[in-house]
Amino acid sequence: MYKCPTCGAGLVFDPKSQQLLCLSCRNKYDPENVENMKLDQARENVELAKNSYEAVAYKCSHCGAELITTDETITTFCSFCRVGTMLDRKVVVKRKPDYVIPFSITKEECEQIYVKRIKKALLAPKSMIDTQEVNKIRGIYMPYWIYTFDKDGDVYTKGQKYNHRSGDYVYYDDYSLSTEVKASCQGITHDATSNFWDRLSETIAPYSVSKKKIFSPAYLSGFYADNEDLDENVYRTDCQKIAENHISNRLKKDKEYSRYNAKPHVEMQEANTELALFPVYYLATKNRTGDRISYAVINGQTGKIAADIPIDFKKLILVALAVAIPVFVLLNLLFTFNMPTMIFISTLFNILSLCILAHQNKKIETRENELDDKGLQHKIALEKAAGGDVQEDTNKKNKKNKTKGVNRAITLVAILLIIFAPVILEFGILLFVMNPALANSTLLGIGIITMASVITWMIVRKIKHPEKDTSIYKPIIGLLLTVALFCIRPASDIYYYVTSFASITLSILAFKNTVDKYNILTTRKLPGLGKRGGDENA
Amino acid sequence: MLKKIYCFIILIILLVLTLSTNSKASNISYKIIIEDDANLLTNAEEMELRDQMAVLSEFGNVVFKTTNTSTGSVKSLKYIQNYYYSKFGNTSGVAFYIDMNSRQICACATGGLDRIITSGKCDTITDNVYRYASNKNYYECAREAFAQMNTLLTGGRIAESMKYICNAFVAVMISLLTTYGIYLKASKNRKASDNELIDECAVSFEHTPINVTLTGEHTVYSPVSSSSGGSSGGGRRRRRRRRRLFWKRRKPRILNLQINEH
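Chains as they are written, first to last, in my numbering: chain A, 55 to 592; chain B, -19 to 242.
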């Protein structure tokens, strides 16, 4: 029985066309060619058997992540999204990696490292060192690309040397420096899976590649492995740059280069790329509401840890109050803040709160859209390219966006004015309070407007949807209160004090939002690793 | 024995010096000035206030001033300080000022007394007494201000509730920011550096001696900054000439001279 090379269904001889016909895909093949193809396929099968191994794959029906193991034990939860009992089991044939670095650290040692790290983080939520949680640490072999770059050839560099000066002209001699370089850089590694966030994988690096072993499925016993879903080209340029910089710097150390002010650049070529499995202990912890997850990963060879640790706001308040006591004593000994100073301080706190919140918004925008992860971006791009209806969706969205655009522009201008006006007035009023003589200075006015514009621009450019972000309203209200106070100018000091206290209280309240945003940054949305595609923010 | 005698002599000298200083201090006669230009006090109140101020005159000059005219661009505090200096120079003294034009009250102390009645304490005193001024009870306002100054000079303590509230707010905000900042720094995941990555790699590197070949020359226009220029301009700052730099590349000369320095 001959099988269709395209779809694998059976082929039948079609007397009409004198060719073999696939009843499934209706493709036709020359009988002579199919014979040769069958031989090639047989050879390929032998080759495939050499380069592959059989394993059990558990696919999480929630996030789509796939974990591979050679064990017969049943996996009860997904390491990436922590959803249990939803794992589909199937036997798969996987590409055999070239190498493996076996786990050197035991699970118990790993747990100790994790607990020690969390205990060091004074403000970490107590639930993070809960014994039940810690027990969920799982050893996973993560796929890594091992790159080898080399250079065997001439390196030309331009240099120059001072010769003499004549009048207003300085004469330099130009030189060409050449040398034959033989260099090799073997073992620069990067993870080959989009399930492993770059930020975490780059923190627990490096692995001692010299201790790698030839892969055998036996190493997977008792552990799991993740699939490689990123080809070697994704991180090749980054790794090549590291190798090139290192070799160029070594070459630069030659005295000739400094003598002729030359900066050599060695361009290296990729010699070889191998796939390996590296040991990683993985722990995912859900937050209280269960909609976000934070990760802790530990290098299974060196014990280096990378952990996203959220802040327990109650703990923060307690610690801050403890710190506040000596600060309060110190302030009492050194300062007596009068009314204008208090107004000034409260304004500063509000502007600072605004800047911190805006900065965090920018970071959240990047993190939530996974723009800081090259691997994920690559995978999303591939999936988008594969999806046929993406273009249609984009067109529809563009139309919607156009209608929304006008409304958004109006809101944005309003937000800009709301932030800009208080900031500019604050600066003006404060400087007037400090020195009324300066009030008439045009230069000062221009300076205030420029400064306010810069601050407003800095704040607004970091907030993609300022109209939606209610957290920035608190410091803005604080600033508006101060402005209103100076417009009314009541005689009694008590109004000034109350306003400054209210203003500081608002910035303290805004600080709660800062902590919330920090907790968003240290956690992630429950992953939809296998379901990604299209615009998740739509 | 000799040591005891020396100690006794030193004690006697110190005692004499102290007594002479005290007598000197008591000999100095400090003045009291009440200038109520805004007519805020009655004659009786002025008399009573003078009695209160007399207690303070043991330590220095005492000034009470009110105005209802504009002090121009000069701040109220600066105004009363200038007024005091114009009257008494740098001698010890305290002043209390009610500016009805800008509706401000301020207190100040100079000439040694400012070590006890610091600017912070002055602010506290005005904080403590401004309510009287708001209720148009100017006499009570001034009397209480001088009374609190007296308390401070005699080693007593005054209520500083506003100071404590302000400091508490500021301390809480500072400590929140500090704690957060330190935690942020401490819990940051540090990425492995390029050097750390390279350290784990198998690196081989060798190169042949470097061939240096002269290929040409180029010139750079770089005018030497002139030290001449005279001193004309009546102290005006001489404008610095903007230094222009541009490259003038010449065609390579036929100078392919091989310099093998190795």
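Don't take each hint at face value.
[To be verified] The list that follows gives simulated cross-link-like pairs (lysine to any residue, SDA-like), each with its CA atoms no further than 20 angstroms apart:
#1 A:K417 x B:E186
#2 B:K101 x A:K417
#3 B:K168 x A:D366
#4 A:K566 x B:E186
#5 A:K358 x B:E186
#6 A:K307 x B:E186
#7 A:K417 x B:I154
Hint data in this document are derived by calculation from the structure and do not stem from the laboratory.
Hint-by-hint comparison with the structure:
Between K417 of chain A and E186 of chain B the CA atoms are separated by roughly 44 angstroms; this puts the pair beyond 20 angstroms, and the hint is violated. About 45 angstroms separates the Cα atoms of K101 of chain B and K417 of chain A, which puts this hinted pair outside 20 angstroms; it is violated. This hinted pair checks out: K168 of chain B and D366 of chain A have alpha carbons roughly 16 angstroms apart, not beyond 20 angstroms. Simply put, K566 of chain A and E186 of chain B have alpha-carbon atoms about 57 angstroms apart, too far for the 20 angstroms limit, and the pair is violated.
Between K358 of chain A and E186 of chain B the CA atoms are separated by roughly 33 angstroms; this puts the pair beyond 20 angstroms, and the hint is violated. For the suggested pair K307 of chain A and E186 of chain B, the alpha carbons sit about 12 angstroms apart, so the restraint of at most 20 angstroms is met. In summary, the hint linking K417 of chain A to I154 of chain B is not supported, as the alpha carbons are separated by about 24 angstroms, beyond the 20 angstroms threshold.
The structure fails hints 1, 2, 4, 5 and 7 (numbered hints given earlier, in ascending order).
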